[in-house]
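Keeping their order, the protein sequence lines are chains A and B.
Residues in the first sequence are numbered consecutively from 1406, following this note's numbering.
Residues in the second sequence are numbered consecutively from 22, following this note's numbering.
If you are wondering where the hints come from, they were derived from the structure by calculation, not from laboratory data.
Treat the numbers as computed from the prediction; the structure is a model and nothing was measured.
Hints may contain errors.
Unchecked claim - The calculated EDC-like cross-link candidates involving lysine to aspartate or glutamate, where the alpha carbons are at most 20 angstroms apart (straight line), are:
1) A:1863 / A:2001
2) B:98 / A:1808
3) B:120 / A:1579
4) B:98 / A:1563
5) B:98 / A:1569
6) A:1795 / B:101
7) A:1539 / B:109
8) B:57 / B:81
9) B:49 / B:109
10) B:154 / A:2001
11) B:49 / B:30
12) A:1968 / A:2001
13) B:120 / A:1975
14) A:1539 / B:30
15) A:1859 / A:2028
Said to hold, decoys possible - Which residues of chain B face chain A? A partial, calculated answer using Cβ under 10 angstroms:
16) 26
17) 90
18) 105
19) 111
20) 174
21) 175
Claimed, not checked - Here are some of the chain A residues that sit facing chain B, going by a computed Cβ distance under 8 angstroms:
22) 1487
23) 1570
24) 1572
25) 1574
26) 1575
27) 1585
No residue lacks a Cβ here, since even glycine has one placed at the ideal position from N, Cα and C.
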Amino acid sequence: MPKVTVDGVEIEVPAGATVLQACELAGKEIPRFCYHERLSIAGNCRMCLVEVKPGPPKPQASCALPAADGQEIRTDSPMVKKAREGVMEFLLINHPLDCPICDQGGECDLQDQAMAYGRGTSRFAENKRAVTEKYMGPLIKTIMTRCIHCTRCVRFSEEIAGVDEIGALYRGEDTQITTYLERAARHELSANVIDLCPVGALTSAPYAFEARPWELKKTLSIDVSDAIGANITLHSKGREVMRALPRVNDEVNEEWLSDKGRYQVDGLTRRRLDRVWIRREGRLQPGEWREAFDLIAAVLGADKASIAAVAGDLVDAETMFAAKALINACGSQLTEARQTGMTYDVSNLAAVNFNSTLAGIETADAILIIGSHVRWEAPLLNVRLRKAVKAGARVFIIGPEWETTYPATFLGSDLKILNRVPKELGDVMKAAQRPAVILGAAALARGALSAALKLIDKFGLVKEEWNGFNVLHISAARMASLMLGFTLPGGMAELAAANPKVLLSLGADEMDYAPFAGALKVYIGHHGDKGAHHADIILPGASYAEKDGTYVNTEGRVQFAEKAVFAPGDAREDWTILRALADALGVRVGFDSFDELQAAMIAAVPALGEEGLADFGALPKADSAARFEGEIAAYPIKDFYLTNPIARASAVMQRCSQELLHGADFKEAAE
Amino acid sequence: MADRTPAPDTPELRARWGGFAWTPENKKLADWHIAKYPPGRQRSAVMPLLDLAQRQVGAETGTQGWLPLPVIEYVAKYLDMPVIRVLEVASFYFMYNLKPVGKFHVQVCGTTPCMLRGSDDLIATCKKRGMKKGEVSDDGLWTLTEVECMGNCATAPMVQINDDNYEDLTPERLDAILDALARGEQPKTGTQEPGRHTSEPLGGPTTLKEMVHENHDYRSEW
Chain A
1406 MPKVTVDGVE IEVPAGATVL QACELAGKEI PRFCYHERLS IAGNCRMCLV
1456 EVKPGPPKPQ ASCALPAADG QEIRTDSPMV KKAREGVMEF LLINHPLDCP
1506 ICDQGGECDL QDQAMAYGRG TSRFAENKRA VTEKYMGPLI KTIMTRCIHC
1556 TRCVRFSEEI AGVDEIGALY RGEDTQITTY LERAARHELS ANVIDLCPVG
1606 ALTSAPYAFE ARPWELKKTL SIDVSDAIGA NITLHSKGRE VMRALPRVND
1656 EVNEEWLSDK GRYQVDGLTR RRLDRVWIRR EGRLQPGEWR EAFDLIAAVL
1706 GADKASIAAV AGDLVDAETM FAAKALINAC GSQLTEARQT GMTYDVSNLA
1756 AVNFNSTLAG IETADAILII GSHVRWEAPL LNVRLRKAVK AGARVFIIGP
1806 EWETTYPATF LGSDLKILNR VPKELGDVMK AAQRPAVILG AAALARGALS
1856 AALKLIDKFG LVKEEWNGFN VLHISAARMA SLMLGFTLPG GMAELAAANP
1906 KVLLSLGADE MDYAPFAGAL KVYIGHHGDK GAHHADIILP GASYAEKDGT
1956 YVNTEGRVQF AEKAVFAPGD AREDWTILRA LADALGVRVG FDSFDELQAA
2006 MIAAVPALGE EGLADFGALP KADSAARFEG EIAAYPIKDF YLTNPIARAS
2056 AVMQRCSQEL LHGADFKEAA E
Chain B
22 MADRTPAPDT PELRARWGGF AWTPENKKLA DWHIAKYPPG RQRSAVMPLL
72 DLAQRQVGAE TGTQGWLPLP VIEYVAKYLD MPVIRVLEVA SFYFMYNLKP
122 VGKFHVQVCG TTPCMLRGSD DLIATCKKRG MKKGEVSDDG LWTLTEVECM
172 GNCATAPMVQ INDDNYEDLT PERLDAILDA LARGEQPKTG TQEPGRHTSE
222 PLGGPTTLKE MVHENHDYRS EW
């Protein structure tokens, strides 16, 4: 542990730290553009210059200089001040003075650092460089004259995303950042380069000229586009969510966010259900709340127990608890959240949890993925897997081939291969210190869970301080629904067999409504999607941005999202609808406010009251008779950009889908 | 500085170069370059392979050679690396031509020592013969490029034509060289100064004079 002196204060820094990190530990701010904690060190912006003794009598780039014992570092000397002013003046030579029309204004590293460390004036009277705009796809807007060549975007796409597509062409003053032949960036994390860009060269295309950062209200929320539960901030102006940005959480999303989680928010204002609709004579017609509740009560009549509820993929734990309370109060047990009909055993939740944790899977050294298109089902997990592979892990995948961002061996799509493990796979898994199995939704649907549990002993997945058995869900609501017991052993089939008179659909848009032809289908949700088309009554609810709620991600992490904006029109927070429905049906659910609801939920499932990883105990014993059967013909996600009703309503996601996945050609409008 | 943008990606370009592949001799050479590096590090051979590809294109077209985009893609595929990384290299170094060049690529050094010794006159000489910067002349023989320092400052001014340097030039000497090349002859390369062999000082050595004919131990004289 080297001891260094920063501005006269001696501190001890971890071995391998850089001078920049040492200065930060000492509480000194070091300006920087190219350095980023999660990317490799480039050392090309020169903004982080400090004075270091012993060493040559000139300023040193602190980001690329290892901290060594006995170093005397000065960040406040005249030399450092002059060096920073000089670098800043050079950076600004070719940077346009267009801050008033730049979307980065107000959250721009260059702007801030020019204020803090710049000279205030330029002595450059010659012509400035101008660079043509580059097309990088529907999400990234480029104004390349503003680029200062920090190469963060290049390093991100190469190192984190694993899709080498952005590069720095030409040299010196002519350097230009572009994709090959200006093709669109084609991966699920492409928009993160917008956050990384320290200037306004890469900005968000859908958000262009929409708002200024200081006008936005920031609300802490949780991404519901997949089961990772990425931590996000919703930025809203008035009643509209303008954008979603990732929050730093090393345990979950580091500081990345998938393009879907980031850009589906424009779907929150489109195709919204903002009033009550009732089907009369085969057509949905505007109705009143009272009317709708009376109709439900009338259909149910005295047989109150003939009511069932299905939860969709985006709902929060409170909504599901309120629905379950209502259904149970009516005397029914018919609740199901696995809307696509999966029936895996949920008696032990450790068996359906991502036990390695998202951060932990990075340290695995052999990974078997069974039936999961990780890149589409959980792009942020894919980043972790790439890190593991870079650290030396081997990856095997069972299922149809997809384009991985790391070397991986596909073992075919037949699950039966695992009944007699191929030697190559078995050798690697048994030799591994931290072997891991990831069971995807496609494998769960094939009933592979019980057989997969046998792999725990076979591969030695559970060791001291290591649990390598993982299930990767694709629905943000899944783990919470399992914790709440919102399931039936027979799944949707059992629900259909009970032939309920009233079916409450809590935003269930992926389920098959055909078996419920005889039921009164009440859709409580926020988007006019598949569920609303089949509904007899539509009660407008709130999306994840419009209500407080608890979400549990695939690793069993309980997280809380806050309400950013109000739901549009007549729409209400879901729990209030269910509470009012309870009155209409003449049953008591035991809560009158959100706080009471939450308290009741926490009393029923204490783990939901504590943010952080829930403890599901030990893994169950495997059933030795279980066998792998069948073939994984396809993955559940057919189109990454259109997996949920919000994304399907989003114009940005629709364009991404058409352009990036289906090859449609969008001509830029003539300016 | 020369215009370094790649030749546009047109259907004609794809049709002409889409089927590019190594000749048997070049394939051997390419694999020989790749074999210099450990397995998995084959992309280290990108620079010699780009040069090889450029020479093969040159042989096919009777010019110094250049790198059409399909050829760059071929090299990327051959080395199993992303094409943007190959284009980064090809666009960085001036020795890779991204646009078609003539049979003789006349690269006139215009950096300070050469400029002080009269490189402007050399450029004027070239232009008088009908060459234009960055363009192939009508007869397909010449392409003129002004380049930065080629490391021949002691024998400035100089031009590089394809693989050869011609140094100590005057407009007349350059004219003679270009005439000879146009006739299909190979002029003397290196310095054009009579009596000079390489880059030794004109008029004999000014230092280390005792070292001219035999080894001399200066240490006792310090």
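The hints, checked one at a time:
no., hint, in the structure
1, A:1863 / A:2001, "violated, 47 angstroms"
2, B:98 / A:1808, "holds, 17 angstroms"
3, B:120 / A:1579, "holds, 17 angstroms"
4, B:98 / A:1563, "holds, 17 angstroms"
5, B:98 / A:1569, "holds, 14 angstroms"
6, A:1795 / B:101, "holds, 18 angstroms"
7, A:1539 / B:109, "holds, 16 angstroms"
8, B:57 / B:81, "violated, 27 angstroms"
9, B:49 / B:109, "violated, 25 angstroms"
10, B:154 / A:2001, "violated, 80 angstroms"
11, B:49 / B:30, "violated, 29 angstroms"
12, A:1968 / A:2001, "holds, 17 angstroms"
13, B:120 / A:1975, "violated, 63 angstroms"
14, A:1539 / B:30, "holds, 15 angstroms"
15, A:1859 / A:2028, "holds, 7 angstroms"
16, 26, "holds, 8 angstroms"
17, 90, "holds, 7 angstroms"
18, 105, "holds, 4 angstroms"
19, 111, "holds, 9 angstroms"
20, 174, "violated, 20 angstroms"
21, 175, "violated, 26 angstroms"
22, 1487, "violated, 28 angstroms"
23, 1570, "holds, 6 angstroms"
24, 1572, "holds, 4 angstroms"
25, 1574, "holds, 4 angstroms"
26, 1575, "holds, 5 angstroms"
27, 1585, "holds, 4 angstroms"
Consistency with the previously given hints fails for numbers 1, 8, 9, 10, 11, 13, 20, 21 and 22, ordered from lowest to highest.
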